[in-house]
Amino acid sequence: MYYFPVFIIVITVESHLSKPLDYPSHFCSQYFQYIVIFWCQIHKYGNYNITLLCIELLFLSNLLYNMMSFPLTLALSLPVTFTDCTDRTQVPFLSDDTRLRLRPDGTLVVKRPLRLQSHHHSFSVHGWDAAGKKHSAQVTLRLRHGHRHHEQHSQRHPPHMLGHGEVLTFPQSGPGLRRQKRDWVIPPIYCSENEKGQFPKQLVQIKSNKDKDTKVFYSITGKGADSPPVGVFSIIRDDGWLMVNHPLDRELIDRYVLFSYAVSANGQSVEDPMEIIIKVGDQNDNRPEFTEKVFQGFVAEGATPGTAVMTVTATDKDDSVDTYNGVVTYSITNQNPKEPHSQMFTINNQTGLISVITTGLDRERYPQYELTIQATDMLGQGYSTPGTAIITVTDKNDNPPIFDPKTYVASVPENVANYTVAQLTIIDADQENTPAWKAKYTISAGNGAGNFAIETAPDGNDGLLTTVKGLDFEFQQKYILEVTVVNEEPFSVTLPISTATVTVNVQDVNEVVATVSAKDPDTFLQQTVRYSIGSDPAGWLRINAENGIIESRSELDRESPFVQNSTYVALVLASDSGSPPATGTGTLLVYLQDINDNGPEPDPRAFDICSRSPEPQVLGIVDKDLPPNTDPYSAMLELGSSANWSARVNNDRLTLQLTKVLDPGDYNVAVKLTDGQGLSHLTMVKARVCDCEGAAQNCERRGAIGSAGMGVPAILGILGAILGFLILLLLLLLFVRRRKVVKEPLLPPEDDTRDNVYYYDEEGGGEEDQDYDLSQLHRGLDARPEITRNDVAPTLMPAPQYRPRPANPDEIGNFIDENLKAADTDPTAPPYDSLLVFDYEGNGSEAASLSSLNSSGGDQDQDYDYLNDWGNRFRKLADMYGGGEEEEDN
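Quick note on numbering: the sequence shown equals residues 1 to 890 in the UniProt record's numbering.
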């Protein structure tokens, strides 16, 4: 079952009528069965009289319903009364729309199928009354959908068409001018694409009413029949069945127009040719297709929500007019990256417009987004096709250029112009090679004389600082420049401006002071002239003896006592090579330009001041330089002097004021004076504070000498700190001394037998082999030695047991052996208990062997006089052995 659209027709009569229009009365009795009602509004001031005109309208939407008429809804609800319906048979009407025709009886006829693309259609209707006066009305057709059948969402309600198996009858033509109550309007024949089953299939049967009187044969012509594509449709000649021979494809051809013919057996046409329109019904057999493989869009960073970015489009070959098969909806299924929010963009599901949905677009962090989009037909319930949209975040100047580093030190030789001083580098997070990234440099301070210029490097973004003209080392040795940088594009938000400091040191070059030239009047004599310095009081100059070029050998000082009025005077000599040589003298005046090499100083540097109610002390300011390297001056107190003093400058005068009461004494005030070019000098001014009031007169010196910032409490604190430090140092020395271990000698000096001759004054006794030096055994007489070693770690082995000295002399040998063994195992024993090995010198030694010395009792024939030749060390031996003979001789 099909539901038909309901049309609302509103007719407004724009002109005033003198009386109601006259219409046949039989029209009024049938107004319920007609679908259009015309309202005639007759306007009178303060009164309305509405006349209802009854007009018949036939709207043949579908022959299946045999010229059914449909009720209409009135657009205006007003109380009406019938004023007059006469028996007048004809009223002339005319429509502006040629597709619509008004019959004289007021019936509105649709000549051919009418499609309302915008759901309404307006046109004008004109009528003439009995007096011949023209009246016009505006007619509006509005489309209103009825209730939809519960079917698939993919299928819109098709227009009223003939289906399979229906009968299509040739329209009848009446003779003469007799009015036909109904005319034929042939609706399209509907045939779905991609139909299955056996072919050919019957579409509709074409019949002629003349087939009862004679045999009628049917034929068709047109596209799809006898024109390409040929053979899509055919008709059975005898019974008029229109056949479709194979499945149709709406995407190839969506509409066929055929003409059917009916002829008798003798070939005579029994009916006028009839136009047959076959519309191919759509099925959802095509997926949406994006118009581009990858959509490219751009959005400025920092864009606000609602900002449109781009529009994506997709097409669907299926029908989007009568069905929803080709109606595409859009969606975003994925976003990469998902920062700073997972949904940065949204898309209009009908138009495909992608826009920003939230804030946070930052090109420096996320320069590009990739969106996965999806196009779906059947209002989002059908086939889907994915696509890709790339959104590039365009740059805005929201990042300032920053110097890196911010401090530069460079050296420049003097007298060189266009010299590249430094190349300044910056960092800018904005997109490269854009106006938001390109840098502009400016020297904001330190370039008052215009000696420097800076520009952006042509092959990058660095700043090239160059000299505009040659610098003079003697005029100024150092320049401190301040450089700022911005972008070509103004900042989109308020940003700080980066600043760099460039210190330029001017390098001194040994410049030519002057060149002297001398001529010899003796032109006929080929003589050579040589130059020399005759007088150079400061020793600053030297001259090339051959060409007379004078150069400086040391730095020239304008403030030197050898310079008067900025002029230095020297004498130059020129001598020829004649005999005798002739000498000429020239005076060289060197004018020295001033440079700011002397800081301002106060004068005098000492004053007296009272401690109570002191008067301000006014000092002069002396600067050896010349303007503009002098005033204006500024003063600042340093080294804590500001705690007790204040300073101010008035032109070339310095005023010092005591701000606190100080004890009488001498104080140093640290005053830092700065000239107009920034050169400063720190001077210590001596202030004598007197115990007086007001002006200091006959100030006697007393009290301690202090500094301007230190009083008696500060001095006492310093002295206390020094005293505490000395006490701490003394305690540390005592502690170290107490911990020091005084080691006793392992053997007393008198007992050391090494390299010494000992006297044994014992008388009597036994033989020499039984003569013991008992004093050497004193350490073995006790149980343990008196002195222990502290340079080794103690052992766990038991201490050795020393045997006491026996009373019996016969046991002395065993006593020595046992104690010797005990001493060998004693870790605390002295290190002298070891065997001493002496190398044997052999025969022929210059030093005689001691073995050749015999004892005093058996060497009477020996001559020991040679011992006297060995020196004082052997004097006692010489006396012992050499003196015997002399005594005997005596």
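Calculated directly from the structure, the hints in this document are not laboratory data. Accuracy of the hints is not assured; some may be wrong.
Below, simulated SDA-like cross-link-like pairs (lysine to any residue); rule was C-alpha separation at most 20 Å, straight line [as the list claims (entries may be wrong)]:
| id | residue 1 | residue 2 |
| --- | --- | --- |
| 1 | Lys-215 | Arg-255 |
| 2 | Lys-406 | Ile-443 |
| 3 | Lys-201 | Ser-269 |
Using C-beta positions, here's what the derived DEER-type ranges look like [claimed, not checked]:
| id | residue 1 | residue 2 | range |
| --- | --- | --- | --- |
| 4 | Ala-300 | Ser-192 | 48 to 54 Å |
| 5 | Glu-482 | Phe-562 | 46 to 52 Å |
| 6 | Thr-420 | Pro-521 | 23 to 29 Å |
| 7 | Ala-429 | Thr-351 | 34 to 40 Å |
| 8 | Ala-300 | Ala-410 | 55 to 61 Å |
| 9 | Phe-199 | Phe-259 | 18 to 24 Å |
Quick caveat, the model's predicted, so the values are computed rather than measured. Every residue gets a Cβ at the ideal spot worked out from N, C-alpha and C, and that includes glycine.
**Item:** Range hint compliance [Cβ, Thr-420 to Pro-521, 23 to 29 Å]
**Value:** Violated: the Cβ-Cβ distance is about 52 Å, outside 23 to 29 Å.
**Message:** Given a hint of 48 to 54 Å, does the C-beta separation of Ala-300 and Ser-192 actually sit inside it?
**Reply:** Holds, since Ala-300 and Ser-192 (Cβ atoms, about 50 Å apart) stay within the stated range.
**Prompt:** Does Lys-201 pair with Ser-269 here, judged by a C-alpha cut-off of 20 Å?
**Reply:** Given that 20 Å is the threshold and the Cα spacing comes to 27 Å, the pair is violated.
**Request:** Return holds or violated for the Cβ distance of Phe-199 and Phe-259 against the range 18 to 24 Å.
**Result:** Given a distance of about 23 Å, which is inside 18 to 24 Å, the answer is holds.
**Agreement of Lys-406 and Ile-443 with the hint, judged by alpha carbon distance not exceeding 20 Å** = Judged against 20 Å, a Cα distance of about 14 Å means the pair holds.
**Asked** So does Ala-300 sit 55 to 61 Å from Ala-410, Cβ to Cβ?
**Response** violated (40 Å)
**Request:** Confirm or reject the claim that Glu-482 and Phe-562 have a C-beta distance inside 46 to 52 Å.
**Result:** violated (39 Å)
**Request:** Using the beta carbons of Ala-429 and Thr-351, state whether their distance is inside 34 to 40 Å or not.
**Result:** 36 Å Cβ-Cβ, so the 34 to 40 Å window holds.
**Request:** With a cut-off of 20 Å on the C-alpha distance, tell me whether Lys-215 and Arg-255 pass.
**Result:** Status violated; Cα separation ~31 Å.
In summary, the numbered hints that this structure violates are 1, 3, 5, 6, 8.
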